[in-house]
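Protein chains in written order, with the working numbering: chain A, 40 to 306; chain B, 40 to 306.
Treat the hints as calculated values from the structure; they're not laboratory data. None of these values were measured; they are calculated from a predicted model. Treat the hints with care, as some may be off.
Since copy identity is lost for identical chains, a pair holds within one copy or between any two.
In silico lysine-lysine, DSS-like type, Cα no more than 30 Å apart, as pairs [as the list claims (entries may be wrong)]:
| hint | residue 1 | residue 2 |
| --- | --- | --- |
| 1 | K61 | K96 |
| 2 | K75 | K115 |
| 3 | K218 | K145 |
| 4 | K75 | K217 |
| 5 | K262 | K163 |
| 6 | K218 | K67 |
| 7 | K90 | K217 |
| 8 | K262 | K160 |
| 9 | K145 | K54 |
| 10 | K237 | K67 |
| 11 | K75 | K96 |
| 12 | K61 | K198 |
| 13 | K160 | K61 |
| 14 | K126 | K76 |
| 15 | K90 | K61 |
| 16 | K67 | K90 |
Protein chains: 2
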Amino acid sequence: MSNTSNEEISEAFLKLAQNELKVELIDKEVEQFKIKKMESVYNERDTLIEKIPSFWKIVLSQHLDFANYIRASDFKYIDAIEKITVKYASDIEKIGSFSITFHFNKIEGDLEEQIVTKNFKLVKIVSEDEEKKDAESDEESAEPEETLISDVCSIQWPKEYNSINPDLIEDKKSSEGKKNYRQGMKSFFGWFRWTGLKPGKEFPHGDSLATLFSEDLYPYCVKYYTEAQRDFEDEQSDSENSSEEGIELSEDEAEDEEPAQKKARTE
Amino acid sequence: MSNTSNEEISEAFLKLAQNELKVELIDKEVEQFKIKKMESVYNERDTLIEKIPSFWKIVLSQHLDFANYIRASDFKYIDAIEKITVKYASDIEKIGSFSITFHFNKIEGDLEEQIVTKNFKLVKIVSEDEEKKDAESDEESAEPEETLISDVCSIQWPKEYNSINPDLIEDKKSSEGKKNYRQGMKSFFGWFRWTGLKPGKEFPHGDSLATLFSEDLYPYCVKYYTEAQRDFEDEQSDSENSSEEGIELSEDEAEDEEPAQKKARTE
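In isolation and in its complexed conformation, chain A is listed as follows (with noise of 0.2 Å):
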């Protein structure tokens, strides 16, 4: 359209970038604004869920992509949390972080009641052979990528996973040792271990675990425990239907549905 010099287009690319720098920022800043207008409805919202008889149980059940990072072994231990809370930073420089607290009951003879909290930081890593100190100074480079990270955190394993829990391997180095140690970092309790810095040795896709809670299972477990009511509402009131105001219409659709079956027996 307009007939622009190169002189001038060298300058608004250079002004793209300054603004992109003001588009990223104001993200975090919205990203602040939103941690710091929920914290207090949040924190309502934990002391009313804590009434709620099983509404973690039914919460982490519900939701579909959850059931895919815990082994089967790992259900009851699962339906043993009591509360979930999420914490996110809401410095500037810290947004994206955060930390997520399991309230596990016990378990008799096999769990100890405990409250267990981990921690996630977001940090930028600028290049993958990187060394991790370098990953949070570094911040002018090209293209920093932001990866979650985590310190490994301390949980007291089930009784039933002696076998499998590393800190209970004698030999680790033994193929026997090897396989249990394995398991266990693929556990639950295993993901309590993850920081995110050795991958291939850790618990598969901790940050997404991560993510999970913080972004989706958290945020959205109301809406999660509704659903749970709605469908247990749904079945409960087909089998009234079909008990009860239900028979005259399941007979309508008995003559309505069968009768080519029943010619056919008849034929």
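For chain A, the structure is supplied; the task is to place chain B on it using the hints.
Coordinates of chain B only, in the frame set by chain A:
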């Protein structure tokens, strides 16, 4: 865990529903905060983009999903789009509504230069049977769905589209007329007539194309432009490699690959 009475549970559910309304309100406040913060940055960006030749042509051809909405014959008119801007409603009760403005360049003997704005409104529709006029006022009902609607927007069609231009089809009831009408409604110019109120009789997925502009193409236009430039540079450097330092390699490749064919031809 705790022994909660049924009364306490009912009260918790009631308060949880109120809490959810607070969450919804904060979501809107967050969106409002973002729109207001972004406004001046987007304005600045619009001005900078004007200086970059073929910016929108490059962005729109880079975006993979956009092409799914556009017929092959529309592309030359898409290429004539000089400028796109999106304005987002920032009133708390209008959050989710927006308008898109297109500046079309003239195509000699075919398309007039024109600036066209299409407005989109987010409304709550309570049930499918309900009339449009009730949709906005009836906020109290159980689970209203948020739906995007629009007004028919006046736009000059290209001369080449005379046969499918709905305003110029004389006999819309003939089979030829119907066929042309449908073709026209499926074109990019047909999208400007999309209202969201006559499903199956309008531009298909008109709402998705609108949100593609408002939530993806406009906010991330610089990202798409940069990606397109990078792809272009990669291609350039590939062809440079093969013409200079790359020569040896391509001769090697020729030796490795072609003998079979040459043999086949001489045999």
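Each hint tested on the structure:
Taking identical chains as interchangeable, the C-alpha atoms of K61 and K96 lie at most 30 Å apart only when they sit on different chains, with a minimum of 25 Å there against 42 Å within one chain. For a Cα distance limit of 30 Å, the shortest separation of K75 from K115 qualifies neither inside one copy, at 35 Å, nor across copies, at 48 Å. For the homomeric pair K218 and K145, the shortest alpha-carbon distance inside one copy (28 Å) is at most 30 Å, but the shortest distance between copies (70 Å) is not. For the homomeric pair K75 and K217, neither the shortest alpha-carbon distance inside one copy (45 Å) nor that between copies (56 Å) is at most 30 Å.
Taking identical chains as interchangeable, the C-alpha atoms of K262 and K163 lie at most 30 Å apart only when they sit on different chains, with a minimum of 19 Å there against 33 Å within one chain. Proximity of K218 and K67 under a CA criterion of 30 Å is satisfied in neither setting, with 43 Å inside one chain copy and 50 Å between copies. Within a single copy, K90 and K217 get their C-alpha atoms no closer than 43 Å, and across copies no closer than 61 Å, so neither meets the 30 Å cut-off. In this assembly of identical chains, K262 and K160 lie within 30 Å of each other by CA distance both inside one copy and across copies; the values are 27 Å within and 26 Å between.
For the identical chains of this complex, K145 and K54 are inter-copy neighbours only, at 29 Å across copies versus 59 Å inside a copy, given an alpha-carbon limit of 30 Å. Within a single copy, K237 and K67 get their C-alpha atoms as close as 28 Å, which meets the 30 Å cut-off; across copies the closest is 40 Å, which misses it. In this homomeric assembly, K75 and K96 come within 30 Å of each other (Cα to Cα) only inside a single copy, at 28 Å, whereas the closest approach across copies is 40 Å. In this homomeric assembly, K61 and K198 never come within 30 Å of each other (Cα to Cα): the closest approach is 53 Å inside a single copy and 43 Å across copies.
In this assembly of identical chains, K160 and K61 lie within 30 Å of each other by CA distance both inside one copy and across copies; the values are 23 Å within and 28 Å between. When the C-alpha separation of K126 and K76 is checked against a cutoff of 30 Å, the pair qualifies both within a copy, at 13 Å, and between copies, at 25 Å. Taking the closest pair of Cα atoms, K90 and K61 come within 30 Å of each other only across two copies (19 Å); inside a single copy the shortest separation is 44 Å, beyond that limit. Proximity of K67 and K90 under a CA criterion of 30 Å is satisfied inter-copy only: 28 Å between copies versus 34 Å inside one chain copy.
Hint compliance for this structure: hints 2, 4, 6, 7 and 12 are not met, and every other hint is.
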